[in-house]
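Turn these sequences into a full structure, and let the hints guide you.
If you're matching them up, the sequences are chains A, B, C and D in order.
25 is the number of the first residue of the first sequence in our numbering; add one for each residue after it.
25 is the number of the first residue of the second sequence in our numbering; add one for each residue after it.
25 is the number of the first residue of the third sequence in our numbering; add one for each residue after it.
25 is the number of the first residue of the fourth sequence in our numbering; add one for each residue after it.
Any given hint might turn out to be false.
Result set (DMTMM-like, lysine to aspartate or glutamate): computed pairs, CA atoms no more than 25 Å apart in a straight line [as the list claims (entries may be wrong)]: (1) Lys250/C with Asp43/B; (2) Lys60/D with Glu298/A; (3) Lys232/D with Glu276/A; (4) Lys232/C with Glu324/D; (5) Lys338/C with Glu238/A; (6) Lys339/A with Glu231/B; (7) Lys341/A with Glu103/C; (8) Lys232/B with Glu336/A; (9) Lys60/D with Asp45/D; (10) Lys338/D with Asp43/B; (11) Lys250/D with Glu231/A; (12) Lys334/A with Asp233/C; (13) Lys312/C with Glu251/D; (14) Lys339/B with Glu336/A; (15) Lys341/A with Glu336/D; (16) Lys96/A with Glu245/D; (17) Lys334/C with Glu231/D; (18) Lys250/B with Glu298/A; (19) Lys332/D with Asp74/B.
Calculated directly from the structure, the hints in this document are not laboratory data.
Number of protein chains: 4
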Amino acid sequence: MINSHEIIALPTRAMGEQDADYAVAFAVPVNTPGIKYIFSRQTNDSRRLDSPLDAGNPKYAIVGGEAVIIFKNVFVPWERVFMAGEYDFCGALVETFAGYHRSNYGGCKVGLADVVIGASHWVADAHGVAGASHIVDKLTEMIGMAETCWSCSLACSYEGSKTPSGAYVIDGLLANVTKLNITRLVYEWMRIAQDIAGGKIITLPSEKDINHPEVGRIIAECFRGKEGVDVNDIFKMLRLVENMSVGAGLPEAMHGAGSPAAQKIMIARRSGIERKRELAETICGIRKDEDFEKIVGKPEEEYWKETKAKIESKKAKIC
Amino acid sequence: MINSHEIIALPTRAMGEQDADYAVAFAVPVNTPGIKYIFSRQTNDSRRLDSPLDAGNPKYAIVGGEAVIIFKNVFVPWERVFMAGEYDFCGALVETFAGYHRSNYGGCKVGLADVVIGASHWVADAHGVAGASHIVDKLTEMIGMAETCWSCSLACSYEGSKTPSGAYVIDGLLANVTKLNITRLVYEWMRIAQDIAGGKIITLPSEKDINHPEVGRIIAECFRGKEGVDVNDIFKMLRLVENMSVGAGLPEAMHGAGSPAAQKIMIARRSGIERKRELAETICGIRKDEDFEKIVGKPEEEYWKETKAKIESKKAKIC
Amino acid sequence: MINSHEIIALPTRAMGEQDADYAVAFAVPVNTPGIKYIFSRQTNDSRRLDSPLDAGNPKYAIVGGEAVIIFKNVFVPWERVFMAGEYDFCGALVETFAGYHRSNYGGCKVGLADVVIGASHWVADAHGVAGASHIVDKLTEMIGMAETCWSCSLACSYEGSKTPSGAYVIDGLLANVTKLNITRLVYEWMRIAQDIAGGKIITLPSEKDINHPEVGRIIAECFRGKEGVDVNDIFKMLRLVENMSVGAGLPEAMHGAGSPAAQKIMIARRSGIERKRELAETICGIRKDEDFEKIVGKPEEEYWKETKAKIESKKAKIC
Amino acid sequence: MINSHEIIALPTRAMGEQDADYAVAFAVPVNTPGIKYIFSRQTNDSRRLDSPLDAGNPKYAIVGGEAVIIFKNVFVPWERVFMAGEYDFCGALVETFAGYHRSNYGGCKVGLADVVIGASHWVADAHGVAGASHIVDKLTEMIGMAETCWSCSLACSYEGSKTPSGAYVIDGLLANVTKLNITRLVYEWMRIAQDIAGGKIITLPSEKDINHPEVGRIIAECFRGKEGVDVNDIFKMLRLVENMSVGAGLPEAMHGAGSPAAQKIMIARRSGIERKRELAETICGIRKDEDFEKIVGKPEEEYWKETKAKIESKKAKIC
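Structure, rendered in structure tokens:
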């Protein structure tokens, strides 16, 4: 919120009549009087202020964070109120909004994956092991997972459909599949990033020590990579991997746009299980195959009778 | 091949000058004189002929199978020869063909997944446990995996591009990601299908025993499900799950269109790792951010200097 | 049962008063009059009779199988009746028996894993790729999984305890953990076995074709491995991998000694969650640490007060 | 090191003649003149000093950390020198030491797992969802993974063997299997801990805000759990989960006692693959079964000939 211009407040779950007072949706500028932001603590938050190197992500780390938002006597102009008591629309609103947000995760987090994959390759290369078979394999696994999530996000949008209003909505089933994958695979690729980066990400001293004339020289000696690589670049890249792989980005990948349990409920609900049952029933012969005659040109029973006769006659010849 | 009208023969790997005699591609009808098919043995192949029930997939099981194909003095008309010695095109041809084939797997195998998911739900339901939380969770995992592969396949096509000839090619990176997922997830969802189906898939007797007047009655008693479900339908559905979850479809998901090791090589090769390295270098400050000034409107150094000054002044106020 | 001398019949779940008639346990020879065995169909069962090679496991495949067992007017001598209506002991009996059986799985299935790992290495070696990095990695993963299950089984026994009768019982929590791992990892190592074996396991023709003078010669040419390896040995080893990786052994690993859902219930029940909660409460400071003063020699509050004072004084010096 | 009394310095890899000067092992007190410790930065290190609550692990967090250790003109008494140039023993020394250390991980990290499992249950319970099926399932998975690692560690010790000196060594293969599991499963159970704890672990404000009279009241309202649970206890437990799941403990689980690639090399080397190949060869009939006649009482060929004759005669009767 701290980095935004506007707040859009929405219900976060389906509601009943007794919840009507909370069935509200509206937009206000973030600096509207009456709104309080209580900034949260997050992984390595205070370290961001220590020094650019120690921050890990020297340019952008300083600006992140979540906030608890309190509304107290906030005036919202009527034209910016989108819902005021229509509790029976809350479910649909949440599902639609969450669908978009869940779909986005395969773009957002995969962008971060690209950076951490690049950083992992860089660190391996700086130590002369980018060609080692286990490093290549680990990077390939990271890429495979990232592109899988990216594919899910793409499919969500491409399979989207036009609503009567003219707006498009993403595919609701695939959006939840995207996010469920993200809640697992982000952790997995960050784990591999830590594998490739090596123990140095937890033994690297602070920038103050690195800048110390005597101590810094020793650290530089201990952390140097292959010929021709500036050890200061190694420091920066190790901190970037640390920053990305331990940070609040992981629980955010878990719970942003709803927790995995919510995604599973939606997947179960939108999976079209009835149609899948029909397919199974048709194939195992419990249900009549309505399309058979249309496609094959003769009734199913007749066709299979003939086929079996042919098989029997061949069988006789083989044995 | 046995079920096809035409053979299209292709090289299966990149070739050098010494392989020129094998750098051939052509098409012939399957019944062209001089071609021999040696039919392979596959899981439960002979059982397919025992009885429709025992076959598992009573209608379609009988027609599957792989064949070793031998060409001996086969005449191929010149207009059906697509490559004759141009060995330096073999790599590109294999990669293109394999790309299409690998992309397809997210359609083909997910179609089978839909059937086995439907069958699993049916079996759980027939035993009155379709609503048990662990069953719902397992079905949801199956659906999540299947839709993930489906998304990969969709993304391959949607991200395809037009070639100078006017034909479209799938996205080569995503095609290999699709197939790599298939080589793992098919096994996983079939494992869950066996979990849900229960021990009955390996204790169900043969159709002959089921049709025996005395023995059949006992079997029916042992295998019955919840009130109202015909035990004969349970027999059929159990056999379908067995058929799909143990069959040749699994190693086919592994090795069809190339083995996983081949997909990994292609993923590594097409991942654009250089661009990912640049992103990491830019973010951690090793590389100048070329776009910064364009986007933000002032040189990067100046911007960050100002930002840090602001932070320092706030910090002073906080402490 | 078909391969055994005696049947020991047991209840398979906890029972109540209304189930008293079924709360029976007893032992009888397998050929006791009145017992009927209805043999089940299993993967590739009829193929076992076709030829030793096609059987896959040429010596031992023929003797496996499950059977539905029917008791009808079977006389059981009173001295071989172990339970007759004591329904309130059923739960404990099932749990104890299942515990032993679940513990065994880390021995039984890991023995099979050793064979399939050896076979996989053999096949890779016969094709000259046993040293390829991805093959080494896959074999190492198989070994890691197998030894994990073996460790679980060992720990079950080593952590066993003496009962008042003098008999020893395995550790009940670890037994269920062993079996839960087996229900997943067997499928995973068999998947890798199919990965390493390659497409040949589904394209290998029947022994009849292999023994045919003309066709056999062509097959031998198509399936040969590296210099010096007898192609007949390749046939045998491919069939062994096929036999072990598609067979009834997989659903048996899933459901034998109870299905995974049963193991999960037992793990949750025996996990000692209360003690784990206490540990967390003590560490985060909600609960008084009873052992602190005993170990450290002064009250906890006093100790931490002193420690914090020391830190503050150092902090002052650092800044 | 900072928390220890003595340093034991060891070689960290196999060495050759040219490395003889580095083939040294010795022990000295940590405060021996000439030793410098450069303390490393780790996740949330400076936050540990902010306040007990913000530290996450209010009592013990303050004392952790790694250090780069520099030896410069350090006097080591000869009786505390264990190796001085015997480079050809480095490999064996490293392998033995690493074996013990790797084996320990199934104790050390599983102790932490017990705490984080307890904390996860506590948080779920404090919000009234400890009985939700997906929570029970997730906790059971955490327990299953932790007990698996614990079993590996137990098996390492129980399978240890006595050396000529009278000391015992752990089982070298299982030690590496233990550590390889830890490099993966610690990340997995910490991921689940974050799943169960919910988004609150990244939105919880600082202790300063919590202690603020007005703001603190609002935070308490936002973070309260079910009736009867003190919100201050919720704050503490959330911070404990955060502390344990993002901290340096994860890369430490990855790289301590050697990185996963090192464990894989050892597993491959100690797996006894030759014996596994022999088993496969014996079973598929390539290799003569040396034990058969001893066990069965007649030569193998004779036995199988008789068995097959029996089967043929039965087959004739069945058909």
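Enumerated hints in conflict with the structure, sorted upward = Hints 2, 7, 10, 11 and 14 not satisfied by this model.
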